[in-house]
Every structure is written in structure tokens, then in C-alpha cells.
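Colleague: What follows is each chain in one-letter form.
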Amino acid sequence: MSSAQAFLDRLEERISERQAASLPEPTWIAARRQAAAARFEALGFPTRRDEAWKYTDVRRIGEGDFALARDAAFSKAAAATLTLPIEAIRLTFVDGLFSAELSDLSALPSGATVEPLSQALADNHEAVGGALGRLSGVEFSPFAALNTAFTEEGAVIRLAPGTVVELPIILQFLSRANDAAVMSHPRVLIEAGARSQATVVEHYVGEADAANFTNVVGEVLLDRGAIVNHYKLQEAPLGDFHIASLHVDQGRDSRFTSFNINLGGALVRNDLVADLNAQGAEASYLGLFFAQGRQHVDNHTLVNHNAPLTFSNENYKGILGDRARGVFNGKVIVKRDSQKIEAYQSNANLLLSDRAEIDAKPELEIYADDVKCSHGTTTGQLDEDAVFALRTRGIDEQTARGLLTLAFAGEVMEQVSVDAIAERVERTVAGKLPERFNLAELVDASLNEVHDPGLGEA
Amino acid sequence: MLEVKDLHVTVEGKEILKGLNLTVNPGEVHAIMGPNGAGKSTLSAVIAGNEGYEVTSGSITFEGQDVLEMEIEERAQAGLLLGFQYPVEIPGVKNVYLLKAALNAQREARGEGEMPAPEFMKLVREKMAFMKMDPSFLQRAVNEGFSGGEKKRNEILQMLVLQPKLAMLDEIDSGLDIDAMKVVAEGVNSLRDAERAILMVTHYQRLLEYIEPDYVHVLVDGRIVKSGDKHLAQELESRGYEWVTEESAA
Numbered sequence: 001m002s003s004a005q006a007f008l009d010r011l012e013e014r015i016s017e018r019q020a021a022s023l024p025e026p027t028w029i030a031a032r033r034q035a036a037a038a039r040f041e042a043l044g045f046p047t048r049r050d051e052a053w054k055y056t057d058v059r060r061i062g063e064g065d066f067a068l069a070r071d072a073a074f075s076k077a078a079a080a081t082l083t084l085p086i087e088a089i090r091l092t093f094v095d096g097l098f099s100a101e102l103s104d105l106s107a108l109p110s111g112a113t114v115e116p117l118s119q120a121l122a123d124n125h126e127a128v129g130g131a132l133g134r135l136s137g138v139e140f141s142p143f144a145a146l147n148t149a150f151t152e153e154g155a156v157i158r159l160a161p162g163t164v165v166e167l168p169i170i171l172q173f174l175s176r177a178n179d180a181a182v183m184s185h186p187r188v189l190i191e192a193g194a195r196s197q198a199t200v201v202e203h204y205v206g207e208a209d210a211a212n213f214t215n216v217v218g219e220v221l222l223d224r225g226a227i228v229n230h231y232k233l234q235e236a237p238l239g240d241f242h243i244a245s246l247h248v249d250q251g252r253d254s255r256f257t258s259f260n261i262n263l264g265g266a267l268v269r270n271d272l273v274a275d276l277n278a279q280g281a282e283a284s285y286l287g288l289f290f291a292q293g294r295q296h297v298d299n300h301t302l303v304n305h306n307a308p309l310t311f312s313n314e315n316y317k318g319i320l321g322d323r324a325r326g327v328f329n330g331k332v333i334v335k336r337d338s339q340k341i342e343a344y345q346s347n348a349n350l351l352l353s354d355r356a357e358i359d360a361k362p363e364l365e366i367y368a369d370d371v372k373c374s375h376g377t378t379t380g381q382l383d384e385d386a387v388f389a390l391r392t393r394g395i396d397e398q399t400a401r402g403l404l405t406l407a408f409a410g411e412v413m414e415q416v417s418v419d420a421i422a423e424r425v426e427r428t429v430a431g432k433l434p435e436r437f438n439l440a441e442l443v444d445a446s447l448n449e450v451h452d453p454g455l456g457e458a
Numbered sequence: 459m460l461e462v463k464d465l466h467v468t469v470e471g472k473e474i475l476k477g478l479n480l481t482v483n484p485g486e487v488h489a490i491m492g493p494n495g496a497g498k499s500t501l502s503a504v505i506a507g508n509e510g511y512e513v514t515s516g517s518i519t520f521e522g523q524d525v526l527e528m529e530i531e532e533r534a535q536a537g538l539l540l541g542f543q544y545p546v547e548i549p550g551v552k553n554v555y556l557l558k559a560a561l562n563a564q565r566e567a568r569g570e571g572e573m574p575a576p577e578f579m580k581l582v583r584e585k586m587a588f589m590k591m592d593p594s595f596l597q598r599a600v601n602e603g604f605s606g607g608e609k610k611r612n613e614i615l616q617m618l619v620l621q622p623k624l625a626m627l628d629e630i631d632s633g634l635d636i637d638a639m640k641v642v643a644e645g646v647n648s649l650r651d652a653e654r655a656i657l658m659v660t661h662y663q664r665l666l667e668y669i670e671p672d673y674v675h676v677l678v679d680g681r682i683v684k685s686g687d688k689h690l691a692q693e694l695e696s697r698g699y700e701w702v703t704e705e706s707a708a
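Residue numbers (this note's numbering), protein chains in the order written: chain A, 1 to 458; chain B, 459 to 708.
Treat the hints loosely; a few may be bogus.
Unchecked claim - Coverage of chain B stretches by chain A, computed from C-beta distances (three or more under 8 Å per stretch; other residues unrestricted):
(1) 470-478
(2) 503-509
What the hints assert, rightly or not - What the simulated footprint calls covered on chain B by chain A, stretch by stretch (three residues with Cβ under 8 Å from a Cβ of chain A suffice, anywhere in the stretch; the number is not a length):
(3) 538-545
(4) 690-700
It is worth saying that the hints were derived from the structure and are not from the lab.
Everything numeric in this text was worked out from a predicted model, so none of it was measured.
Note that the Cβ used here is the ideal one computed from N, Cα and C, for glycine as well.
Here chain A stands alone, though its shape is the one from the complex:
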């Protein structure tokens, strides 16, 4: 029996279960499920012979035995220690199942819909059906097919034209330390109407001893002039497997920013694909990955400049310690008629140990002739002279190394405007630090004093 078959058997069990429980489902979902399952069956799990998976071996997932979660029980107190401590609109999923108890939609403004997929399907499945799966076909990868076959739960965010959501919308995915490992296949669908604005945070976190498999597929549609800041804060338990793809479709003058921050997980693969389909569309990809022990983190990004006058800017930083392994593959494709586009890409990696490894590959495919493009990738180590200089000022070695490591991530981190996320990164990357690294308040205080020299003299 192939390893893929075990997953298909689980799917059969689940379908029978749903039928036995008389859980209705729209025929289009059932049809897609079947088509996706057939696709997955034909493909099987990717192997390292597949170019896109050359450096990432997913056998540990394929050979794993993952059940589906039965309930979404999670103590409020335990969840509180994991959640980002900020005021937000929040949907929580526990091992893929929606938890109403740990969700809070009270601050949702009119014009915005945020709901679990199961509810969106129950309320008006036709409205969801039009968009769901439009960007992410089952052809994208075996994992996307597997996700589609198991589609049941996830998050649906819809912004009516002109709607501005001030508070961040946090999609929190909690992974439990179960007796037997579980898998989840959440969907995220974000439809941003014309000139709407929102910040969406996908937050993956869980109990330290968890060892589950999350396989998420996200789709973001930006209509004319929409602005979406998408944060992914992946700090999954160190035993978790995490596979994700995010597909973005951008209309005219829309702006999409992805902050792809990966700190956790045993085996992590992120695919990020943006299609810039109309003039003025702009995509920024900011990434930070930090891996220790034997963590493996793979980021594949793709920008398709499908229209003239589109802009993309990418900056990924990788930090790898111990025997961790990282992969960065950044691809930019400029179509033949996409003149006057600008595409910039940079990737820098910091190796904290001799046994850490990075495979970095920028790829540019340019078929237009009037474009501005650049790319570059570098890999290096901490500057030992700087470590020494900091220590000669009385700063202990661990803090000195932490400071310098964090400083390396600075270009990306200084653009993170959600403080709670920056704090998580600082704590994970730098270990102990006396206080917030960027010291924004302190610097503000110093500026105030400069403007008002009398302050504090009394």
C-alpha cells in the first residue's frame, strides 16, 4: 500500500462518517473532493526527484499516520499563553476544528465578514463556491490536491468595497499534544473588495509536545485599490509538520504585503504565489526564517508580472543554527507585454553553525525588454569582531550574539508594525534581551527631549 493510499483511506472514512451523521454538503464540494482525491492518488507525495521538492524530503509526512481531530477542546488558560496579546478580531481553530469559545468577532466593523468556512458554506455555499479554489487548483501541488480533498474547515474573510478594518484579523491555529498525531487541511479565503483595507494574521502555534500535520491552502483576491497586509507567524511546535501555499490575485492599483515569519515546526514548506494582473499592482514579500536543531524550512516564492507597470519587492532573511536546513527559491516571471515593471529581490542568510545549511536560488524569467529587475543572495556568519566589540562593553556573549542575530533580521523586522509579532520574533531569535530591541519608546523619548530641552530638568 502506497503511503498516499493511507491518506485516501482516511478520506473515505471521513466521507462515510459525514454520510452516517447526515451532514449535508453541496454537490460541487463533493465533486471537487473526488476530483482532488483522484489527482492526489495519481500524483502521490512529491519526491526529491521533483524539481520543486529537490531539497525537501516529505517522506516523514507521507509515512506518518495522521487521524482527523474529533473535537476542538482547549483550555482557555492554556490558549491565553499562546495567543498574541493584542486587541483583534479573532478566529481560532484547534487541530483544524473551529473553536467558537476561543474566537471573538465582537469588534468586526460593518462591511466585513469573518467566519469559519463551515459556517460560510452552511449560510450561502454558492457565494463561497465562486471564489474558493479559483486561485489554487489541485494542479498546484499534491498537497494542494490533498487539502482540497479534505476541505471542511478554515476561514473566510470578505471585505465589501471601501471597508477599512483597523484591528488585525487573527486566524489562530492551535496544535495540540494529542495521544495520536492528527492532520488538518484548513482553507483561508480572503476577498478584499475595491479600496478595502485589512491586516490579516495567520498564527500557527501550539503545545510544546505536539507532533501534528497542518496542510493549509490560502487564497487572497484583491480588487482594484485594495490593500492587504498578510502576516504569517508560524511558531508551530517543534514536532509539527507544516505545509502551506498562499495564492494571491491582484487587481489594478492593489497592494499586497506578505510578512512570512517562520520560527517553528520540524518540517516546513511555504509556497507563495502572487499574480499581478493589472497596472499599478504592487506586491511586497518580506520573509524571515529562523531554524535550529534539525528544523527544515523551505520557502518557495513566485511573482508573476502579468501586466505592465506592476511592482514587486522581495526581501527574505534566513537564520540557521545547529544542523538546521533552509531553502529559499525566489522566482520572478515577467510576461512578454509586461513593460515598465520593476522587480527587486534579495535574500540573505546567516549561518550560526558549521553544520547548518542553506540552498538559495533566485530565478528571473524576463520576456519583456523595458524592465527594472535585480536579485541577489548572500550567505554569511556573525561578525566575530562585532561580538568582541559588544563584549568589551560588558554585554555577555549570549546577549551579544542575540543582538547581532536580531540586527541581521532588522531590515525585515523594522517593517513589522504589529508589536506583538515583533516581540515573539525577538524572544525566539535573540533569546534573552533586557527589553524590546527596537526601543521605539525610548527613542521617541529622546526626540521629545531634544525638541523640549526643559523636559526632565526639574
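Mind docking chain B on chain A? Use the hints.
Modeller: Just chain B, lined up with the frame of chain A:
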């Protein structure tokens, strides 16, 4: 305060210091002069803990503690601070953060709590004004894109904030124009008191016109071959180093 006895140091197998002896007492300012390659910078680098140097024999004690047994940061916390000839650029680490982390590390080592932010800012602001540095330097990465003179001022600023017991200055005058030299010298002079000592390494007598030493030592070929007061520096300026070398060889 500082006792260096029969210090032998090698770098990549080559002996640089060959039995150096030096005693520095509280309140004193010492200047070490000598020709290029004599080992002037090696002494302060070894005291600060630069791991590129190997101490093959001899001892360094500071206030009775064995300096060679101390970690780099412990030396700084004990009050030994080195101002670099070539200060390192540290991209991404803001000056204000370095100052605060360093000051609080020292206070913690002394069993004191962190300095409250307003008090800290007031202190730093005063010291920056004294060093004629623009407050915007606080938000800039340590030494990144600084001119030579700005880097040296920054070294002294760190000293003024951290208030070391023994300040070591390695060629602090190199690359400075006369105005910057005056500012740097004023900074150093403001550190002088009965409890503190200063150890300067310099190639030129010019610096000593602004920071007047109590003792001048001539370092030739890894040893101090002659010591005197500030007049020795003037003599070196007019006569060069050769006569000292010849005299010591005789």
C-alpha cells in the same frame, strides 16, 4: 590598580610582547609610546581580552583580580574599558541600545538594578552634548557610516556613559583633525579623577598636549625600555625613538 608583570604575548606564533612590566595606580594617566610594530596596541588588546593574542607567560591583575582568568565582558564589568583604534561598525544595532545594554549589564554585575529610562536618557543626552554629537546618532547603527572622527567620539561617549575605572585608549588620536582632537581630549579629561586611571597608547606626542600624562613609557620591541614624565614625550618628539633604542641596548 593594574599590575602587568613579565607579560609575554604571541600572535600567530610570533612573540610581540617580551616581558612587559607596568603598574598603574588610581588617579594616574599613563601614555605608552613607541615606534610602529613595538607592541603598543597589543597590550591594551590583551587586557581587554582579544582572543587573537596568546599570553605565554606573565600576569595581569586588576584590583587584585586575575584579569587573564576573566571573560571579556567580566573585564568590562569590572571597569576595564578599551577605546578602539578602529571601532567596529555594527549594522542593525542602534547606539542607544548598545549604551543601554552595556550600562545595565554593568549595573547588574554590580548588583544594581536597571537605570530607569528617563534617567538614562538624561545621562546620555548630557554626555552627547558634551561630545558635541547630534542626538540623531542615538538612533543610528553603531558606527555605521560614521566618519573617522565620529567613530572616535562615539568611543569616548561610551566611556562617559559607562565610567570605567581604567580607560584604555588605543591611538584615539589617529585620523582626527585638530577640532575633533580637542573634543575627544576634553571627553577623556572629564574622566580624570582620583579614583580612575587612564592608559593611552599613541604614536604621536600631539595628543599629550591635550591630555597631559603623569607617566610616559617607551615601548620598543615588546618591552618598556624607558619611563619618565611628560617631558619624555617632548624629547621623543624632537629626537625620535632611535636614541632610546640605542640607550636601552647599551
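Colleague: None of the hints should be skipped; say for each whether it holds.
Modeller: Structure-based check of all given hints:
{"no.": "1", "hint": "470-478", "result": "violated (count 0)"}
{"no.": "2", "hint": "503-509", "result": "holds (count 4)"}
{"no.": "3", "hint": "538-545", "result": "holds (count 4)"}
{"no.": "4", "hint": "690-700", "result": "violated (count 0)"}
Against the hints set out earlier in the document, violations occur for numbers 1 and 4.
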